[in-house]
Amino acid sequence: MPYINTLTRRDFIHRSLLGGAGLGLAALANVPPFAARALAEGSIGLNGKKLLFVFLRGGNDGLGSLLPVQDSAYSSAIRTNTLIAKDGATDYSATPGIADFPTSPGGTATFNYANAIRLGNGFAALHPSLKFLAPVYNAGDLALIHRVGYPKQSRSHFDSQNYWENGLPNNNVSKEGILYRTIIESGLASTSPLSAVSVQSALPVLLRGSGAALTNLTDPLRYDLLGVPNIISSGDIKATNALLNAQSTPFPDKKSRAFLSLQYDGLLKTLSIFSSINFTETGNTYVDDVNTDGGSNPYYLFPTSQAKNGGYAFNGNSTAKYVVDQSSSSTSFFAGLKAASLILNHTDAVIAGTEMGGFDTHDNQGGATGAHANLQQRIGWALYGLRKYFQIYGRLGSAPASGAKCAWSDVVVVLLTEFGRTTIENTSRGTDHAEAGVMFVAGGGVKGVGKNGRVTGVVGCHPGGTGAHLSDTNVPWISGPANQAGSVDGSMFGISDRYLKRSVDYRSVLGRVIRDHLGATQNQLNRIIPGYANEAQEHLLTGGTVTTPIESSGVNTPIIGEPDILV
Amino acid sequence: MSARRFSLLAAALLCVSSAQSQVVPPAAPSITNLTLNGSQRVLRWTPFPGAQSFKIFSTTDLRQSFTEDTSGAVSGFSWTGTNSSTARFFRLDTTPLDTNVLVTATVLNRLAYGPTPALLDRFKTNSIDLYIAEQLAPETVTETVQNQHTNIAFYESRFAPPTTPVSLTSGTTAGVATIDILRSWFTLRAVGADRQLLEVLSQFLDNHFVTQYTKAQTYFQIYYGDFNMQNRVATELEYRELTRWRNALMSPAAKFKDLLTISCESPTMIIYLDTVSSRGDGGRTPNENFSREIMELFSMGVDNGYDQTDITDMSHAWAGWTVDFVAPTDVFNPLATRLLATGGNTVSNVPGSWAFIFRTNYHGTSRSIFTNKFVPARFGAPWTTRTYANATPGSYQLTFPARTGTNAIQDSYDIIAHLADLPFTQEYMSVKLCRLLVHEDFAHGYDFTAPQLTPEADLVRQCMMAWETNMPRGQIRKVLDVIFKSDLFRSHTAAFAKVKTPLEYTVSAIRALRVSTNGTGLHGSWSSDTDGTSLATPLQRMGGMVLFDRAEPDGYPESGAGWISAGTLAERVRWTQSLLIASGQTGHNGSQSGTGNDASNSATSPVRLMFARLPLLADQQHAAKVADVFLGLLFPGEGAANLNLYRTAAINFLNTSDDGLSASSFSALTPSATAANAYDTRVRGMVAMLMTMQRFQEQ
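Protein chains in written order, with the working numbering: chain A, 1 to 567; chain B, 1 to 699.
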């Protein structure tokens with residue numbers, strides 16, 4: 001049976017696209033997906049480049065991740081319980097370029113350093129729970145992009161997540177994903193049984209679309225059918241063949257029916273692929289290649305159990321040596337992240353990812369410790385671990401896994417979140433929904449500090465006005481809202497206005513990655529992210545001032561266009 | 001064959017009883033393809049919903065009448081006949097399913113958690129409208145579910161009314177219910193309740209006014225060191241709001257305002273969306289979480305009549321709605337004083353109840369919300385012309401009088417009454433009910449003044465009119481009645497247009513094969529059953545559906561795309577296969593591959609069910625008759641012609657040996673309902689195959 005994962009059998013209408021008619025998507029809608037490869041543009045899927053995504057659901061507090069410590073308004077007056085204190089012994093205005101990395105040798109707790117970690121651009125710092133980002137950052141493999149959002153920013157989780165995932169700000173009708181369109185443009189949906197995979201409870205909008213069934217695994221260990229009758233050697237065969245044969249039965253068109261049919265096809269065609277990958281806990285033997293965090297042992301890269309959580313087992317079961325909080329939500333996140341990594345490394349899938357929840361910290365967000373801090377630990381270790389996994393076990397790695405297909409330079413990791421949180425704390429010692437947030441982009445091909453003359457890996461969080469970091473001409477500063485005194489000094493904390501405004505559009509970040517890393521042509525990108533086709537008003541490519549009708553009437557927002565984040 | 005004749009072939013005729021007004025009937029099937037293959041002539045046509053039979057008529061002369069062409073045979077959506085030398089004109093005749101059969105299937109799939117054999121039997125001869133009328137008035141239906149499984153009485157003995165203090169210890173008395181007990185009780189009722197619509201709406205309300213058990217359980221960590229105590233307290237709060245909704249639904253005049261009030265007053269909601277810790281006094285910045293979600297998700301709908309200013313303004317009014325520990329007699333008195341100082345663990349050893357308490361000193365000052373806002377023109381009259389909370393027609397600004405002390409609690413009750421009355425809320429709630437009961441493609445934001453409304457917009461408007469014009473406004477049964485009477489609900493547009501949620505899928509699977517084999521309706525007599533508890537893990541695996549514990553405030557999705565992916569389908573298929581494997585056999589308990597139990601204490605015996613319907617031995621050995629029993633139970637509302645290929649697959653399965661390769665005559669097997677018997681296994685495998693097909697995912 002040929003691997004045709006697209007809808008060819010039934011006369012199917014692109015409902016979601018019709019629902020979002022008038023979006024400039026007609027060109028794509030009219031191309032039957034199975035014919036899309038005939039467009040023969042670009043090199044998505046042919047150049048070996050891959051994408052790993054993690055959606056941070058709930059709205060990560062960007063101002064609590066990438067801290068503007070030198071901002072005039074960075075003060076406990078507005079963030080009484082959630083502010084990360086500066087280290088009195090550290091000069092945050094200094095510009096060494098690289099980040100500090102407070103390791104914790106010997107018996108010292110892994111996260112004993114409780115102050116803002118200097119990032120070396122004279123302005124920004126990391127939450128102390130993100131300390132494992134420092135080695136990634138200092139290798140030039142990490143871009144930290146602050147003030148990321150989109151026009152007419154929604155503060156609703158579900159609207160905003162939808163916009164981030166469908167690539168169409170302010171269109172909450174379309175449930176067609178930006179990464180789905182990337183796969184459709186690649187043509188892979190009709191030639192490969194497996195092109196994009198998520199490992200989570202449901203297929204995210206990022207990968208949804210009406211013309212092809214991209215794959216979601218809920219539990220890779222259970223991705224297998226049983227047999228009735230129950231004969232171990234052949235029972236599955238009778239049941240599975242019966243399922244496969246009857247699946248070709250046509251039925252009159254119904255809402256959901258073509259969609260179900262596609263997903264069934266996807267299931268039956270991908271069962272065998274994943275059975276060859278060892279997703280088991282005992283198969284998780286991936287460890288660091290150096291002794292981690294000043295200790296005397298290399299740590300596991302995917303802390304999927306307590307025993308594999310940092311230095312816990314190596315230090316007499318010391319909970320102080322965890323690299324991430326020990327909880328079921330943490331271990332299941334890393335199990336999903338591990339599965340996504342293994343899939344990228346062992347299959348032809350171009351895109352894989354997962355999600356992490358818990359970022360909606362309205363209540364008791366915490367400061368250097370607490371709920372938000374725990375989540376930052378997971379972000380920090382995830383990116384540290386991913387880099388090491390692909391550097392060691394990937395293609396070109398120091399100890400490549402058998403059949404490894406993906407090197408660290410092949411992969412870009414992007415972390416998405418629907419919005420940042422209010423600059424001012426609420427009375428529940430938490431923060432509410434706001435606007436611009438932080439994106440993390442990592443990979444061997446990311447242009448961070450020290451690469452191609454870059455003096456910082458930070459975008460959108462550095463000295464403004466007269467104190468601008470003049471040596472970094474690639475990331476022009478755009479002033480933030482007025483400060484307490486009413487003047488514009490680049491403050492990122494509005495006082496009367498609690499919402500950090502964007503200076504980078506998330507589509508410019510994803511667009512750059514999809515084109516310059518995955519290999520889309522600009523024409524393909526214009527279809528994947530329709531905003532690109534309207535540069536005169538959207539300014540996604542080269543930046544400019546966004547005004548009505550893209551913005552609300554009377555709102556003018558300068559944005560920088562695509563940040564320079566890839567080598 | 002000439003091109004001219006080929007085009008004539010496409011002019012198929014269709015006999016459909018009646019087209020629904022407004023609702024576009026499905027397109028007539030058309031012959032799309034004719035091939036000549038040696039001595040064979042093959043016609044193919046497009047499927048038609050609910051086709052009961054297809055017949056091919058032909059003639060050699062268009063001036064003559066068509067006669068049924070018996071020189072060939074129909075299989076699925078094709079006809080194969082002899083390729084005689086004479087050129088012929090062909091016509092396709094379709095006999096559609098009786099529309100009552102179609103509506104019965106839709107009703108049992110929407111008002112209930114799927115058909116049971118007994119319900120299908122009952123409505124072969126009775127009008128399904130009888131069932132609709134009964135279900136709309138659950139207080140008139142005698143409930144027998146408590147007889148069906150002894151676990152129900154066991155669980156109910158653990159629940160206690162909120163005026164009973166939560167038990168300080170585990171045990172067997174009232175007040176010790178855990179969240180697992182609540183889930184099991186809830187799913188057992190879904191499986192067996194006579195008041196099915198009450199169960200469906202209970203789940204709808206609990207999911208609409210979503211709360212998260214673990215958030216409350218975590219909240220009580222500051223008061224109780226004992227996890228079991230936290231569990232009991234948090235469970236009681238989930239049970240309390242659920243019980244209040246269920247009681248409200250038993251009242252003929254239940255209004256949306258009542259249901260919204262219950263949610264707002266629910267301590268687990270106050271904890272879930274953080275109002276519990278919010279302060280609006282002294283210029284403080286209140287927590288906006290509840291203020292946003294009550295408008296976005298619980299009443300008006302996202303981007304529908306409010307903005308950030310309203311969220312911020314309203315958040316001051318909710319500040320002060322907190323949760324505290326009071327004497328059990330004060331559990332519904334928000335002005336009660338706390339039982340004692342509740343710092344640290346001091347409540348651990350004190351009998352009492354957790355309740356919604358209004359703290360005047362946390363309350364903020366809101367002067368108005370929806371300031372200078374008017375009902376948009378798209379709603380039209382009567383919504384744009386009537387008055388709301390002020391004298392100006394169409395204005396829905398809500399202004400609060402100056403209130404002090406405990407009187408200020410009224411600010412929020414004003415908000416509840418106001419939200420429940422707004423056209424935005426009427427629209428959004430109607431949309432949500434239509435998504436639940438008709439199909440998923442409804443959205444708010446229609447222009448109700450457009451000259452030609454879509455059937456969906458028209459139905460939403462009819463729902464709103466029922467809400468608006470029956471006094472008192474907002475009666476749920478009036479809105480439901482409109483939906484159940486609508487053409488859209490009763491047409492092919494709704495039939496099988498939805499994908500089952502994990503709860504609907506698992507419960508409907510058990511119900512589809514469930515008869516009381518001795519007719520007593522008592523525990524142990526059922527051909528298909530669950531202990532309730534065993535559904536929790538499958539629901540979690542099929543996409544993270546953990547009842548009473550949704551993390552995100554939008555509730556579990558009503559859309560198929562929110563549930564169906566390769567991974568979740570694998571879990572659905574596995575669970576169904578495991579359910580059909582006999583208890584005690586590998587794959588039912590314990591794993592055949594992968595990890596963990598699948599069906600566990602959910603079990604079924606399709607042969608026992610089938611024996612009750614095919615008492616004659618000869619019929620029991622007749623593969624086609626056996627297949628027909630299950631096709632009728634699993635796919636009611638679909639015509640025989642459309643099930644033809646499933647039927648062929650089922651018969652083939654029955655006549656194939658367990659290795660899946662060699663032929664093995666079903667009629668040679670001795671009928672038996674004993675586990676591991678060849679006959680029993682063969683039937684189980686066939687039923688599993690039918691139930692793992694995509695059509696069983698639909699409702």
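Hints listed in this document are in silico derivations from the structure and should not be mistaken for laboratory results.
C-beta atoms are modelled at their ideal positions from N, C-alpha and C, and glycine is treated no differently.
Please note that the accuracy of each hint is not assured.
Claimed, not checked - Rough simulated footprint, nothing fancy, chain A against chain B, three-plus residues with beta-carbon under 8 Å:
hint, stretch
1, 391-398
2, 561-568
As the list claims (entries may be wrong) - Listed next, with one range per pair, are the computed distances between beta-carbon atoms:
hint, chain 1, residue 1, chain 2, residue 2, range
3, B, Gln221, A, Ser552, 42 to 52 Å
4, A, Thr280, B, Phe154, 34 to 44 Å
5, B, Val141, A, Asp497, 51 to 61 Å
6, B, Thr144, A, Ser329, 35 to 45 Å
Do the hints match the structure? See the list:
1. Figure legend: the stretch 391-398 of chain B, annotated as covered by chain A; annotation inconsistent (0 residues with Cβ-Cβ distances under 8 Å, at least 3 required).
2. Figure legend: the stretch 561-568 of chain B, annotated as covered by chain A; annotation consistent (8 residues with Cβ-Cβ distances under 8 Å, at least 3 required).
3. For the pair glutamine 221 (chain B) and serine 552 (chain A), the supplied restraint of 42 to 52 Å holds, since their beta-carbon distance comes to about 43 Å.
4. Checked against the hint of 34 to 44 Å, the C-beta distance between threonine 280 (chain A) and phenylalanine 154 (chain B) comes to roughly 38 Å, which is consistent with it.
5. Judged by the Cβ atoms, the range 51 to 61 Å given for valine 141 (chain B) and aspartate 497 (chain A) holds: they are separated by roughly 56 Å.
6. Remark: the range hint 35 to 45 Å for threonine 144 (chain B) to serine 329 (chain A) is upheld by a beta-carbon distance near 41 Å.
Checked against the numbered hints given earlier, this structure breaks only hint 1.
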